[in-house]
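Construct the entire structure; sequences and hints are all you get.
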Amino acid sequence: MWRYDFERTAESPQQLPDHLDLLWHRDLPPPQPAFNDIRLQFDRGYEPVVMGSRLFLASNSEDKVSAFDTNSGELLWQFFCNGPVRLAPAAWNSRVFFGSDDGNFYCVGADTGKLAWKFKAVPSERKLIGNKRLISVWPIRGGPVLKDGRIYFAAGVWPFEGVFLYCLDATTGEQIWVNDSAGHLYGQQPHNAVALGGIAPQGYLLINEGDLVVPCSNAYPGHFDLETGKLKEFKLPLAGRYPGGWYVSLQGKSEQKKTKRKSLLADIGVNVVRHEDRMRSEGNPEIRTTIRAGDRKFRFGEGFPGVEGEIYSMIAADNKLFISTVAGGIYVFGKAGEGAARHWPGAEPEPPGSSTLSAELLSTVSHYGYAVFLGAPELSTLHHLVTETDLHLIVVESEEARVEALRSQLLNLGIPRSRVAVSLEEPETFKMPPYFANLIFISDQTAVDSRERVFESVRPYGGKLISQTPSGLRTRVRTGSLPGSTNYQGDFTQSPDALVKAPLGVLWFDDTLGHFKRSPQPKIVDGIMVSTSKDWLDSSTRERTIDYRLLPPSFSDVYTGRILTEFETLTLK
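Counted the way our numbering counts, the sequence shown spans residues 721 to 1293.
Think of the hints as simulated: they come from the structure by calculation, not from any bench. Warning: the hint list may mix true and false statements.
Within a straight-line C-alpha distance of at most 16 Å, the following computed EDC-like cross-link-like pairs (lysine to aspartate or glutamate) qualify [to be verified]:
#, residue 1, residue 2
1, K973, D1015
2, K834, E1120
3, K834, E1124
4, K1151, E845
5, K852, D1230
6, K950, D931
7, K1055, D741
8, K867, E929
9, K840, D900
10, K852, D1110
11, K867, D789
12, K840, D1110
13, K973, D725
14, K1243, D1211
As structure tokens, this is what we get:
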């Protein structure tokens, strides 16, 4: 498991050879973490997990888990999901367990990568744009932990949308218990407010005797009864509290000797936030970035001979030292003479192809935003669009062989899933959030009622629903605003918008753009949000005799959160 055991101590009894030589090295695609906030960067790099002679790696950029031979670095198998796999798997009893942003929890064979069982952890197929990807409203971001044949994990990150904490039988996948009530806790909030809140599981779960400890994004962890799932302790984020974070671990045996008791540890490099002009932090230094192997200690910050770049993670297993870097490098060191320092290079991009369809689309659709193909087009079409546009492409295909081939081809081209995501689902029934797609391409045989449902996902102000007919492309444009909606000029004036009404749900989330308190209200103009933040670091305002200086405005799509490019911004002006 991640950090060796269910207490996340990172203390392994593994005695490594005195002299370690490089056995092999792989260049994997750079990770694409969900968030910019360090308190939420639980997936900033690859986290190696080893069982026997197998190395398992989850990928948030390629939506998969892969297995490699620890001795040679040879790729043994890869298992794809319909969304990013952001947290390291757990390995036990010849099986590998992991969750995905697609809302499913998977168990596969460690030797073959074949599916043993799959557990749907979400109440529906509803989706949203989360961290720039089309994912389930309830992504699995509570990382799995295993003990006594039971596997624990959490789905959902928005308390009011529902949060689900699960315990499953690791052998069969049968549910033992679920807690689905911890997202609705009434209590004190910052600024003397009282409201509903709850846990927001993001980070690696751990077990502390009879407690299941659940990291809760940038709040403090929640504590649940291991046997029943009942909530035992959780503190809502009160004003003035120290920052929480995704990381938490327990003291290993070496540290317990010093303190004579077991306690939760936070890392000052994770639990840190700037509050206006002041830094607030909690924890101890180098907790996350230190491991023990036998009687040896390894600190990531000290580097390691033969490793290029910043070290993100280390583990000791199979009589070897496994190292990952922030850039995506995997290095494996072992006993001298056991390997030939083999290097496995990354994918080599090929010149883009083109197709008649891609040429037609390039001349008629937006080159920015999101495009959905309900039914897989030719690889050359996708490759051409990726090369010539900034579109995020989403392909939905029900034929498994076609999906597997397309995923492999995209890997070989070095195209990440953030540019072309491929989902193994039925195009006719595929659920999408409303308003988000600049282009949706469908079959000309699509039924009328299905067309109307799909059209709801087309973006206002020029989004297009296109189908291929024998005589050419048939296009339906969603012109203008949504009926009943209005623009908004800010200044805390009343909005006449008649469309927005309860019940409401999350349409998208991301932290690329963020504004701290007391910034001017954003303006909403024809589907674009114009927002202006204040310069909280301006030293001339420290005496508070003048107001904070305003920074240049940012322009973003209100339907997806996408930050507009400089070229798009210039066209608006």
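Hints and how they fare:
{"no.": "1", "hint": "K973 with D1015", "result": "holds, 12 Å"}
{"no.": "2", "hint": "K834 with E1120", "result": "holds, 14 Å"}
{"no.": "3", "hint": "K834 with E1124", "result": "holds, 14 Å"}
{"no.": "4", "hint": "K1151 with E845", "result": "holds, 6 Å"}
{"no.": "5", "hint": "K852 with D1230", "result": "holds, 7 Å"}
{"no.": "6", "hint": "K950 with D931", "result": "holds, 10 Å"}
{"no.": "7", "hint": "K1055 with D741", "result": "holds, 6 Å"}
{"no.": "8", "hint": "K867 with E929", "result": "holds, 11 Å"}
{"no.": "9", "hint": "K840 with D900", "result": "holds, 14 Å"}
{"no.": "10", "hint": "K852 with D1110", "result": "holds, 13 Å"}
{"no.": "11", "hint": "K867 with D789", "result": "violated, 26 Å"}
{"no.": "12", "hint": "K840 with D1110", "result": "violated, 33 Å"}
{"no.": "13", "hint": "K973 with D725", "result": "holds, 12 Å"}
{"no.": "14", "hint": "K1243 with D1211", "result": "holds, 9 Å"}
In summary, the numbered hints that this structure violates are 11, 12.
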